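Student: Now for the letters of each chain:
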Amino acid sequence: MITANTITEKTVKTREVEVSPDWCAGCGDFGVLSSFRKSTLEKEIKSHEMLVVSGIGCSSNLPGYVNAYGVHSLHGRALPIATGAKLANHNLKVVITGGDGDGFGIGIGHFIHTMRRNLDLTYIVMDNEIYGLTTGQASPTTMKEHKTKTTPRGNVEQPINPLMLALVSGATFVARGFSGQPAHLSSLIEQGIAHKGFAFIDVFSPCVTYNKLNTYSWFKERIYKLEDEAPDRDLTDLPDAMTTAMEFGDRIPLGLVYKVDKPTYEDTEPVLLNGPLVKQPLGIKKELFDQLLEETM
Amino acid sequence: MITANTITEKTVKTREVEVSPDWCAGCGDFGVLSSFRKSTLEKEIKSHEMLVVSGIGCSSNLPGYVNAYGVHSLHGRALPIATGAKLANHNLKVVITGGDGDGFGIGIGHFIHTMRRNLDLTYIVMDNEIYGLTTGQASPTTMKEHKTKTTPRGNVEQPINPLMLALVSGATFVARGFSGQPAHLSSLIEQGIAHKGFAFIDVFSPCVTYNKLNTYSWFKERIYKLEDEAPDRDLTDLPDAMTTAMEFGDRIPLGLVYKVDKPTYEDTEPVLLNGPLVKQPLGIKKELFDQLLEETM
Amino acid sequence: MENIQEKSSNLPKISNEITVGFGGAAGDGLDKSGNLLARVINRLGLYTISYNSFQSLIRGGHTFLKLRISERKELCYGDHFNAFLAMNQDSIERHAPAVEPGGVIIFNSDKVTCDISFLQENVYVIPLSFKELTSEMGKLIPIMQNTMMLGSLFYLVNLDFKTLEEVLRDIFKHKGQEIIDQNINVARIGYETTLENFDSSKINIDWNFTHISKPFYSGNTAMALGAVAAGLKFYAAYPMSPASNILHWLVANSERCGVVVKQAEDEIAVVNLAIGAGYAGVRSMCATSGGGFALMTEAIGEAGMLEAPVVIVNVQRGGPSTGLPTKTEQGDLNQAIGASQGDFPKVIMAPKSTIDCYHIVGEALNIAEQYQLPVIILSDLLMGENYETIETGSWSHDVIIKRGELLEEAPPSMKDKDGFKRYAFTSSGISPRPLIGSEGMVYVAATDDHDEDGVIISDVFTNTAIRRKINEKRMRKLDGVLNEFEPPQLEGPEDAEVTLIGWGSTWGVIRETIEQLESKGINANQLHFRYLLPFHSKEALQILNKCKTTIVVEVNATGQFARHLKAETGFSCSDTILKYDGEPFEPKMITQRVAGILNGEPLDLNVTQDEAREMAYHYIRVHIKDKLRPSKIIQVSQNGYGEPVWVLDLSERNNGEVKGKLTIGVETGSTYKWDPTN
Amino acid sequence: MENIQEKSSNLPKISNEITVGFGGAAGDGLDKSGNLLARVINRLGLYTISYNSFQSLIRGGHTFLKLRISERKELCYGDHFNAFLAMNQDSIERHAPAVEPGGVIIFNSDKVTCDISFLQENVYVIPLSFKELTSEMGKLIPIMQNTMMLGSLFYLVNLDFKTLEEVLRDIFKHKGQEIIDQNINVARIGYETTLENFDSSKINIDWNFTHISKPFYSGNTAMALGAVAAGLKFYAAYPMSPASNILHWLVANSERCGVVVKQAEDEIAVVNLAIGAGYAGVRSMCATSGGGFALMTEAIGEAGMLEAPVVIVNVQRGGPSTGLPTKTEQGDLNQAIGASQGDFPKVIMAPKSTIDCYHIVGEALNIAEQYQLPVIILSDLLMGENYETIETGSWSHDVIIKRGELLEEAPPSMKDKDGFKRYAFTSSGISPRPLIGSEGMVYVAATDDHDEDGVIISDVFTNTAIRRKINEKRMRKLDGVLNEFEPPQLEGPEDAEVTLIGWGSTWGVIRETIEQLESKGINANQLHFRYLLPFHSKEALQILNKCKTTIVVEVNATGQFARHLKAETGFSCSDTILKYDGEPFEPKMITQRVAGILNGEPLDLNVTQDEAREMAYHYIRVHIKDKLRPSKIIQVSQNGYGEPVWVLDLSERNNGEVKGKLTIGVETGSTYKWDPTN
Ligand SMILES: Cc1ncc(C[n+]2csc(CCOP(=O)(O)OP(=O)(O)O)c2C)c(N)n1
Ligand SMILES: Cc1ncc(C[n+]2csc(CCOP(=O)(O)OP(=O)(O)O)c2C)c(N)n1
Ligand code: SF4
Ligand code: SF4
Ligand SMILES: [Mg+2]
Ligand SMILES: [Mg+2]
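Chains as they are written, first to last, in the numbering used here: chain A, 1 to 297; chain B, 1001 to 1297; chain C, 2001 to 2678; chain D, 3001 to 3678.
Simulated from the structure, these hints should not be mistaken for lab results. Please read these numbers as outputs of a predicted model, since none were measured by experiment. Each hint can be trusted.
Computed footprint of chain D on chain C, listed as stretches where at least three residues anywhere in the stretch have a Cβ under 8 Å from a Cβ of chain D:
# : region
1 : 2285-2293
2 : 2314-2322
3 : 2342-2349
In silico BS3-like cross-links for lysine-lysine, where the CA-CA straight-line distance does not exceed 27 Å:
#  : chain 1 : residue 1 : chain 2 : residue 2
4  : B       : Lys1212   : D       : Lys3175
5  : B       : Lys1046   : C       : Lys2415
6  : D       : Lys3139   : B       : Lys1212
7  : B       : Lys1147   : D       : Lys3032
8  : A       : Lys285    : B       : Lys1149
9  : A       : Lys144    : B       : Lys1259
10 : A       : Lys212    : C       : Lys2139
11 : C       : Lys2173   : A       : Lys147
12 : B       : Lys1286   : C       : Lys2402
13 : D       : Lys3032   : D       : Lys3139
Partial chain D-side listing against chain B, Cβ under 10 Å, derived:
#  : residue
14 : Tyr3238
15 : Met3240
16 : Gln3263
17 : Glu3267
18 : Ile3268
19 : Gly3292
20 : Leu3295
21 : Ser3321
Built from N, CA and C at the ideal position, the CB exists for glycine as well.
Using the sequences and the accompanying hints, generate a full structural model.
Tutor: Set out below in structure tokens:
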């Protein structure tokens, strides 16, 4: 029998697991998965040191396909689950993955409020501008006039701009990737995980089954890389980042939009100065207990 | 006995009701109430043609003090209630009031998504940068370092910027008022109600009991009026509006920040072209019914 | 309230029938083929009822669609399996053994093989090479193999090929004549090849085609149609299986039906949108499933407090939590009863059949408006998503609409100086409700408790009296509601040996169980509940006290309805028959367990041999990449794991070579160990 | 599980006691004065238990605080009223009539007058002019009138002035000597003026001061402390009355207690934060009230499915919906039972007293971790927000912590190649749980149903077997939980005439009721439930079957526990005594109704004369701006409104002139009409 010590952790070498993805052939999420595997591999993060949290949706199935601790939580609730876990054990590398419906629809409140806290988390949204798993309804990023199952006359609601919301709400790392460019995406994920603070990466990840508008070629015709066109951008310039984030039309920028260093929530929480909560002693010393009682007398 | 026809609707002349507000003496919400009454009075809106919807909080008690239809709904849920009512009867003037906790904390998802739809609603937030009714916990607009009941060492989370969120999310009328300047506020509310589309008015409304930082004088030292300093601003210039919205420090702008005309949701909903839903016939004609059955055969 | 109960008494006892199964992966076009077949059936004047067993995936995975075709309207999809169209290898392995003697298995022999050693006696295989048979037709899309197989089926079960042609013509009309011809030709190839080569496999049924076309509805589409007919004007939803089809139907028909349909950001918005619209004065509804319903619960209390009408449909799926999103369950009764804090009047109904979905939603909209309260409808995936032929005349467009005290002018007694009292304390508990926007009735509806005018009360001792009275006023409405509801009734012989008790969608399968029991010499009757809250406690108890053996049959793990019945009546039923594996009941399962209960056999929760095989298939898929398949299975005595275990040989798919042994616990079902042979 | 039940048997039967009431507006400083008095009491070695009846307002409105002071530890705030400190006119009008014979009413005569015609016999008024009496002290803040009144009280009820001085010194230490002296002087003025002028009003009590200081806790602070002692490391909350004090206490003590406290954006975030932390491996908790709990329900099922430990406290308040935010109720039992869709194991407990809040939270944290499931604690506003003296030795810092199968290394049997099985199907239902971050146990926790490894199952027929088994595995955990719980026990004489059945916070008031019944010659005992789910059905039924008259006493409108008891046991209790007006039970109310039930008196829901007066006060406040007050009240026979009515004269406050008649229905409580005299 092989003992625990001799189990080779499937980490650096591979983040594959036995279960194979059940996405449609050609789904953008495959590109995200491979980029994710590659980037965590590059960073030499051990399986057990990483936690991947997701919500519900096609994209949210990702944690099942990587060799790491995972929570496949409720639709829209990945960020608070991740926050709770991170505060319990801030030695964990915590990555959150999910869809545009999950993160910007039902989950948008957590999205904005989590960013305000600047926890050291990395949030990757596989943005396919549609509700995939539920078979093709409009999502918060569905473009205007797009005809989906629930917008047969074309969508009339203004899509949200995830990058702008992130910039406005306090994310300290804001980037955009494309699952059709896995190497580039991989590098963004790598940087996002390395970033100390909340990293948000919006990834165009085409839904080949339900989104016939925002296809690979639709994106390919429009995207350009920020690092190619403006290699010297000041990444800490918020107004400039906003201008970049507002560009969404004939040309759509990819890459790192904004990055700034600020204290993380964990840094400012005094209880965590004593190390991860999971390692701290339980209960209460008699002296303190007595003192607490006495303070009411 | 007086018949229905002879009842003088307490409309134009007064929007007062028998019940008097139970706010703390000096609470900013009094200023909002009087401005609100005044502005709807100016617009000659009849009591029964207006619906005021609120959530839960000190500020959300407002509908009880104006002579109009009202719903004092759940904490954070005023916007969807108002949307449902508006779609049911778009002849109603629908105004939503509430607090910063109500609208930007628990209700932030509805805030953003309602703005995307550009319904003809007017949303007035009495922003006191604190949870008033629940006795002084930090709110989403509580400033950094502010020591509240739940941030004894000072708040560490970046406050949200309601104006920016509104600008980014599709509000077509974005303004800021101060309950210490009721005439100015009144005019903003009047314009907001007159605006066809989603009007958002963030109102500084000091909580004299629990917010000892953002007091009347704190605001008075900082505020200036946009119309005074830049009377010729292009109200449809989004980037400029954003720059304005980002100014929050030694100087804080008051007034109309952004205003643009776009089709409302009601305009684009074909079913509503036949008039308010409440007036449309119920049920289904035999021909259509038979056709629907036949389509499955 | 009119009696809209479907009575089962006048069904013909004997009827030609056949059950066809389609097996394959999601994306193999099963649903399209199934729909095509169903349309033909419906035009021939036969009936069909379907069950689609699929998984939470867009592509891949395993799907199995059953269509029961019959001359009479069947009330459940039954437990037969006579003809099998297997679209892939996995499905043929899995389902072929279940085909009954005399049955047929049709497949495309280019892709699929059939190991006949697994088949029951007298089952015929019909291998058709799509490539060879259509070689002269040029390049065809692979999914057309289905059409060929359907053609074959039509010959084998004696269905009318002309009607198939007609339907193909209608379906592909928008694609042009070429496609139509292609399809008809491919179907004919299947038909004729089978006639020529497999005539001896033909299942001889002498169908009586009336050629009266009938509609084909699922519970969800029936509910959408019923709601529209009953005056629905506003519908809000957030996508969630298995409720989404209500949304899709209503969106698609929004304009012509005059219903505003709003997809919102989450279920909390949804229910509040619906309440806002209901409050303002239109008939309003929303639908979701368990998890979305959980998010709606706070607002259900809000509707109770505002006294705003709203109908909330919960199309239940396998729980708990995300659970089994594409599987059926009746697991949300507790949740519906416990929805929202405090005591307030709410109504819970459960349609007993697809046809009933049409009726119950109208009832719900009436009750919601007449009594100004939230009404919850508990449907489920089985009923909601599966289609069946609707008997002509089951539904009329002309639905009775009762709006209760919805006023455009204040009642005369409230026009004096005391003014309009929205929450007047009446003895019925019903108070005058204005159409918002009407003159002379302005008030504020608050979720804080309030007085007759709507003014908030939460002061010290001052208003304990008003609080008590408004609480009583609200709760009194339930007396009126109960009065409107038809009390439960025994169906079948009064003095039966066994009474099967159910609620919601199981009515049909229980009905068929009773037929089966009868043929086994067991006399049974049925007590079914459509109205769950308020509850006919007195009437139910009266009936129950006269029953002999009482068995609650429901699709959940803890017997939620049995518990509810006990809570409402104090009556403890003799036993329960529960199913909580995601699949619906088939009559045979219930029949068997009823017999077991009557014989005093204790419930056996051990893993059966079939289940062990299922578990092995799962193990193989996850850990051995589908390379092996279970072969020999033996049960060994307790061997150190503290419980008896099954030991399964897992063998190569093609040559049967044993590659190792898998052990599975009998009591716990734990997969203890995989021992590959080296 | 250790027996931590407080036994009531060894309380001394006779004890000196007095109940002091403070009435005024919110913001009048009642809570501060109450706290000051309580501290003195606690230092003197006496006991106090308080009840603060207030409203959902920050300023204004009406507040009434009662402190029952006794030599023994009382278990409820009782039903006496001996001394009244009235801070404003409204409160003196409202509460003075309730002061018992022999009692005293103290007020600042500058602001308040007392109409003695409303008082009971032998009640003494102590008007003190704050302005005059302190005229020599310079400008004082108005709130210091309270200190003066307290000084007076100290004389009248024979409390130790020195200890008052001492406490004033401690409380104002941080404000400097001048303020201390001011306060002591003002108190002394009150004391001495009363000695000089009102000596004959003195209530003679010969207190036995032990001078052993005791702590003063509310249920909320007790629960916070208990949680910390039991190893709580993470707490999340969104502000909501009456649960917020748990948050406030934990925030204030976060650093020294080593607990991370996170205020979040809403209750959905809160519960998911708590589950995330619990999942990762720390003891984690959150608290809220009914509406927030509703929002948490979806995640409760999530915790059940992930098998993540979490404790969720619901401090119940008056429902439904926003309801009565500052009033008490036990109205969320249905909601807790029905929380989240589907069947999964969850545990519900209810502390029976403030002291028990400390203990139960430790039990809950243990059960949550040992069994890896969500535990719900149902507290309520009465218990949660009100403070009482804690008997020395009730709590120890040294709490037993049981973490169950929380592992930092895979179990030996799971180190072979089959690897770690997070959800191994064990016979206890408990599977090995890794401390997340540990090597060799990597797995994915999913809310979709899954196999032993955590791999998702929702495939056709394939995994029905695994689904059945994992469902059974999860549910089996409840057998273990039930085993840990101490079964319910009868307290009091076995053969009593009446058994009073309760749950949660009513234990104390029922206990005192039994004493009262005894003194009336009615022999009663008590059956109280702390564990609500899983439920000791067998044991409960055994006890109940032996009882004579069984009455469920609970603070809600529909008898939710009575229903639960029936659902779990089939036992229908003889009757219920319910309260749902926002105020808690007092023993006298229960005693009276028990006697009524025993005498066969039907429940009378008619509006009483007192209630009619309350309603009139409300009408006056809302519609007549507090200008009048109710004077004569008569009940007239049915007069055309279809029910009997009360007719009340409303008169001028100062001269008693009748200004009109208000009619109020007796059955419905409707305020039919206001007829001003012209
Ligand atoms: C509370 C709740 N509501 C609805 C659903 C149904 N649901 C599952 S996934 C999903 C949206 C999927 O869209 P997205 O998040 O964009 O993911 P994608 O499938 O496109 O990757 C929805 C609505 C759910 N599981 N829970
Ligand atoms: C679901 C829910 N959670 C919490 C509460 C408690 N609550 C009432 S008002 C309020 C916040 C008040 O703050 P804000 O909205 O800013 O209004 P303000 O009182 O400051 O005007 C909260 C948390 C509630 N009523 N419902
Ligand atoms: S439906 Fe769309 S998002 Fe989902 S797996 Fe298929 S392609 Fe991907
Ligand atoms: S607590 Fe603050 S917000 Fe509330 S009424 Fe008082 S001053 Fe106004
Ligand atoms: Mg998506
Ligand atoms: Mg506020």
